[in-house]
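Chemist: Top to bottom, those sequences are chains A and W. Going by the numbering used here, the first sequence opens with residue 1, and the numbers climb by one from there. Going by the numbering used here, the second sequence opens with residue 1, and the numbers climb by one from there.
The reader is advised that the hints may include incorrect statements.
Lysine to aspartate or glutamate pairs mimicking DMTMM-like chemistry, simulated, CA-CA at most 25 Å apart [as the list claims (entries may be wrong)]: (1) K440/W with D166/W; (2) K136/W with D84/A; (3) K257/W with E29/A; (4) K136/W with E26/W; (5) K222/W with D110/W; (6) K409/W with D166/W; (7) K124/W with E144/W; (8) K124/W with E22/A; (9) K136/W with D10/A; (10) K189/W with D20/A; (11) K63/A with D84/A; (12) K189/W with D166/W; (13) K136/W with D76/A; (14) K124/W with D84/A; (15) K136/W with D69/A; (16) K124/W with D23/A; (17) K124/W with D49/W; (18) K136/W with D304/W; (19) K124/W with D20/A; (20) K409/W with E432/W; (21) K222/W with E232/W; (22) K165/W with E178/W; (23) K136/W with E29/A; (24) K409/W with E333/W.
Which stretches of chain A does chain W cover? Using the computed rule of at least three CB atoms under 8 Å from a CB of chain W, they are [said to hold, decoys possible]: (25) 39-48; (26) 92-105.
A short list of chain W residues far from chain A (calculated; beta carbon distances all over 10 Å) [claimed, not checked]: (27) A19; (28) Y107; (29) K136; (30) E237; (31) T331.
Simulated from the structure, these hints should not be mistaken for laboratory data. Where is the CB? At the ideal position from N, CA and C, for every residue including glycine.
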Amino acid sequence: MASLTVTMTDVEGRTHALEDVEDGISLMELGRRNGVAGIMGDCGGGCACATCHVYIGEEWWEKVGGPDDVEFAMLDMVADVMRDNSRLGCQVRMSPELDGLAVTVAPASSA
Amino acid sequence: MATQITQDGISARQALTGAQERLLKEGSLADTAIQARPREYYAAMRRADPIHFDARLGSWLVTRHEDISAIQSDPVTFSVQHGYSEQQARGMRNEFETYLREHGGGYFPDAIMSDPPYHTRIRKLMEQAFTAHRVKALEPRITEIVRGVIAEAIARGDGTCDAVKDIAIPLTIRIIVEQLGLDPGMEEKISRWSVAVTAQIGAMQNRETMLANAAQIAELQKYLIAKMKAREAEPAEDMISDLVHAQVTNADGSTEKLTFAEAVSLVRATLIAGNDTTATAIGNLFYVLTTRPGMAELLESVVDDERQLNRFIEEHLRNEPPVRALSRMTTREVVVNGTTIPSHAHLLLVYGSGNDDETVFPEPRRFDITRPNLGRHVAFGGGPHRCIGLALARMEVKVAAREIVRQMKNLRLAIGEEEIRYTPSVATRTIESLPITFEKR
Numbered sequence: 001m002a003s004l005t006v007t008m009t010d011v012e013g014r015t016h017a018l019e020d021v022e023d024g025i026s027l028m029e030l031g032r033r034n035g036v037a038g039i040m041g042d043c044g045g046g047c048a049c050a051t052c053h054v055y056i057g058e059e060w061w062e063k064v065g066g067p068d069d070v071e072f073a074m075l076d077m078v079a080d081v082m083r084d085n086s087r088l089g090c091q092v093r094m095s096p097e098l099d100g101l102a103v104t105v106a107p108a109s110s111a
Numbered sequence: 001m002a003t004q005i006t007q008d009g010i011s012a013r014q015a016l017t018g019a020q021e022r023l024l025k026e027g028s029l030a031d032t033a034i035q036a037r038p039r040e041y042y043a044a045m046r047r048a049d050p051i052h053f054d055a056r057l058g059s060w061l062v063t064r065h066e067d068i069s070a071i072q073s074d075p076v077t078f079s080v081q082h083g084y085s086e087q088q089a090r091g092m093r094n095e096f097e098t099y100l101r102e103h104g105g106g107y108f109p110d111a112i113m114s115d116p117p118y119h120t121r122i123r124k125l126m127e128q129a130f131t132a133h134r135v136k137a138l139e140p141r142i143t144e145i146v147r148g149v150i151a152e153a154i155a156r157g158d159g160t161c162d163a164v165k166d167i168a169i170p171l172t173i174r175i176i177v178e179q180l181g182l183d184p185g186m187e188e189k190i191s192r193w194s195v196a197v198t199a200q201i202g203a204m205q206n207r208e209t210m211l212a213n214a215a216q217i218a219e220l221q222k223y224l225i226a227k228m229k230a231r232e233a234e235p236a237e238d239m240i241s242d243l244v245h246a247q248v249t250n251a252d253g254s255t256e257k258l259t260f261a262e263a264v265s266l267v268r269a270t271l272i273a274g275n276d277t278t279a280t281a282i283g284n285l286f287y288v289l290t291t292r293p294g295m296a297e298l299l300e301s302v303v304d305d306e307r308q309l310n311r312f313i314e315e316h317l318r319n320e321p322p323v324r325a326l327s328r329m330t331t332r333e334v335v336v337n338g339t340t341i342p343s344h345a346h347l348l349l350v351y352g353s354g355n356d357d358e359t360v361f362p363e364p365r366r367f368d369i370t371r372p373n374l375g376r377h378v379a380f381g382g383g384p385h386r387c388i389g390l391a392l393a394r395m396e397v398k399v400a401a402r403e404i405v406r407q408m409k410n411l412r413l414a415i416g417e418e419e420i421r422y423t424p425s426v427a428t429r430t431i432e433s434l435p436i437t438f439e440k441r
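The shape of chain A in the complex, shown without the other chains:
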């Protein structure tokens, strides 16, 4: 099994350098497992709640790719914090191609 690395910056600005990340895990599961603040994953990875919203590091965007229609519909529900590089963590799965990926956890939609 490939062992990968991911850097996640949580909502409080703390950086988590995650090593030995397994191939195939979603960024939501990875964030939850490592207690990354701001990654809730309420719906359990069903692309249905937008509580695992992350911004993909600029240099990684092309490799990660954009959201599909279903995911875009959820991101649109948090439009105030959605950016061009927004993805739901549950919909991004790690692969050797993404080894070294850097993402920042998006803040919750504002009041």
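Assemble the complex: chain A is given as a structure, and chain W must be docked to it using the hints.
Modeler: Then chain W, alone, in the frame of chain A:
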């Protein structure tokens, strides 16, 4: 991720008018008039006493969005298992349990209405059933079913129907029945059973109605148990087969089979949760389309624009949430936003109020599909107990909205708005019957 509640500030209380003060003092969510038209009462609590002890109910009503969010993110301090269990057939729980053991094949506590870590395992098992992508794949079939139900109402030919009983209820029942693998054509029975199950957390039963409802639930359980036994012997491509053969994965990676009792509770929960509240949302849609100026025109203008239609549905769920309030119970004394709540206190998270919190949704009574934070509404709850069927519910309401516009026009309420009756319940705000007139498009 579950976090322990922390107390780092108290949000301001606001002054009330004399009338609001009286309402706060004399009102109760147990009052059916307040249940039907609750917004003034919610607003008074939100302003001056956001975590308000309702003495008649014996429950703390949590009414501000920020407090609802904080509480549902801490499933350890605020137990769903104890909260739900306390609320079920409240005050008559032993008799309810005994009745089901004697007449309903057993008493099956809701496995999903539990606390971590047990809940985490059960939840994981259910989460894959209705992901947004799986639901998207069901859209053509859902459309077919919805189209058929509305066409049947139109085919009666006189331009009248009961939007709740003839459309909303059969529509959601047919969809979940097909997913579970139950028998078609049982809409009336399943509707009755659903009302009986939901009444157990509505806090409005007397002994007589509790026993009548328990008899319905006994009948439901016996029907489900027979179906499950059949699928146990001979699996089919449906959710019942999945659940009777399901395995849960433990933290250490080992697996174990769900017990039959757990599976019964999950099939029952899926059937009830899968029809009742979504039917309420669709009934509410007919209600706003027939009573609020401009709503029918707005829906018509967005119906072919997927993004705007999604926003319309989400704002509808915020504006008219089907679930009014669900239970928690404190496992220790805790201070929330300046209010001390004792240990073992029963709480109701009042979603209907949270969705109207003006600090989160400015001008909350305005129907505004351009809100930048639509996803913040709490119609589906939040935290680890967030509604598991949310994607399916959204899809059903969306397809219903689309098909209403495609097949019907000039929708009008056939009774006075003040004649609309709501189900007596603290748990949901449900229109029981909604006679309308319409023209075929």
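Chemist: Take the hints in turn and mark each one as holding or not.
Modeler: Going down the list of hints, with the structure as the test:
In summary, the hint linking K440/W to D166/W is supported, as the alpha carbons are separated by about 16 Å, within the 25 Å threshold. A distance of roughly 24 Å separates the Cα atoms of K136/W and D84/A; the hinted pair therefore holds under the 25 Å criterion. Of the supplied pair hints, the one linking K257/W and E29/A holds, its CA atoms being roughly 24 Å apart against a limit of 25 Å. In summary, the hint linking K136/W to E26/W is not supported, as the alpha carbons are separated by about 47 Å, beyond the 25 Å threshold.
With a C-alpha separation of about 16 Å, the suggested pair K222/W and D110/W falls inside the 25 Å cut-off, and the hint holds. Restraint check for K409/W and D166/W: satisfied, since their Cα atoms lie roughly 17 Å apart, inside the 25 Å limit. Straight-line distance between C-alpha atoms of K124/W and E144/W comes to about 30 Å, which puts the hinted pair past the 25 Å bound. Simply put, K124/W and E22/A have alpha-carbon atoms about 20 Å apart, close enough for the 25 Å limit, and the pair holds.
For the proposed pair K136/W and D10/A, the alpha carbon gap of about 31 Å is over 25 Å, so the pair is violated. A hinted pair counts as satisfied when its Cα atoms are at most 25 Å apart, and K189/W with D20/A does not qualify at roughly 54 Å. A C-alpha spacing of about 15 Å is found between K63/A and D84/A, which places the hinted pair at or below 25 Å, so the restraint holds. Distance check on the hinted pair: K189/W and D166/W sit about 14 Å apart at the alpha-carbon level, within 25 Å; holds.
With a C-alpha separation of about 17 Å, the suggested pair K136/W and D76/A falls inside the 25 Å cut-off, and the hint holds. In summary, the hint linking K124/W to D84/A is not supported, as the alpha carbons are separated by about 31 Å, beyond the 25 Å threshold. Proposed proximity of K136/W and D69/A is supported: the alpha carbons are some 10 Å apart, at most 25 Å. With a C-alpha separation of about 20 Å, the suggested pair K124/W and D23/A falls inside the 25 Å cut-off, and the hint holds.
For the proposed pair K124/W and D49/W, the alpha carbon gap of about 37 Å is over 25 Å, so the pair is violated. Between K136/W and D304/W the alpha-carbon distance is near 17 Å, which keeps this suggested pair within the 25 Å criterion. Note on K124/W and D20/A: the hinted pairing holds, with a Cα-Cα distance of about 24 Å set against a maximum of 25 Å. Our distance criterion of 25 Å between C-alpha atoms is met by K409/W and E432/W, whose separation comes to about 23 Å.
With a C-alpha separation of about 15 Å, the suggested pair K222/W and E232/W falls inside the 25 Å cut-off, and the hint holds. Proposed proximity of K165/W and E178/W is supported: the alpha carbons are some 19 Å apart, at most 25 Å. Taken as a hint, the K136/W and E29/A pair is honoured in the structure, with Cα atoms around 23 Å apart against an allowance of 25 Å. Between K409/W and E333/W, the direct Cα distance comes to roughly 54 Å. Violation of the 25 Å bound is thereby established for this hinted pair.
Evaluation of the coverage hint for the segment 39-48 of chain A: fulfilled, as 10 residues show C-beta separations to chain W shorter than 8 Å, against a requirement of three. With 0 residues carrying a beta carbon less than 8 Å from a beta carbon of chain W, the segment 92-105 of chain A misses the three-residue requirement, and the given coverage is violated. Every C-beta of chain A lies more than 10 Å from that of A19/W, the closest at about 28 Å, which supports listing it as non-interface. Distance check on Y107/W: its Cβ is at least 28 Å (rounded) from any Cβ of chain A, clearing the 10 Å threshold; non-interface status holds.
Distance check on K136/W: its Cβ comes as close as 5 Å (rounded) to a Cβ of chain A, failing to clear the 10 Å threshold; non-interface status is violated. For E237/W, the condition that its CB be more than 10 Å from all CB atoms of chain A holds, with the nearest at approximately 21 Å. Interface exclusion of T331/W from chain A stands, the closest Cβ pair being 21 Å apart, more than 10 Å.
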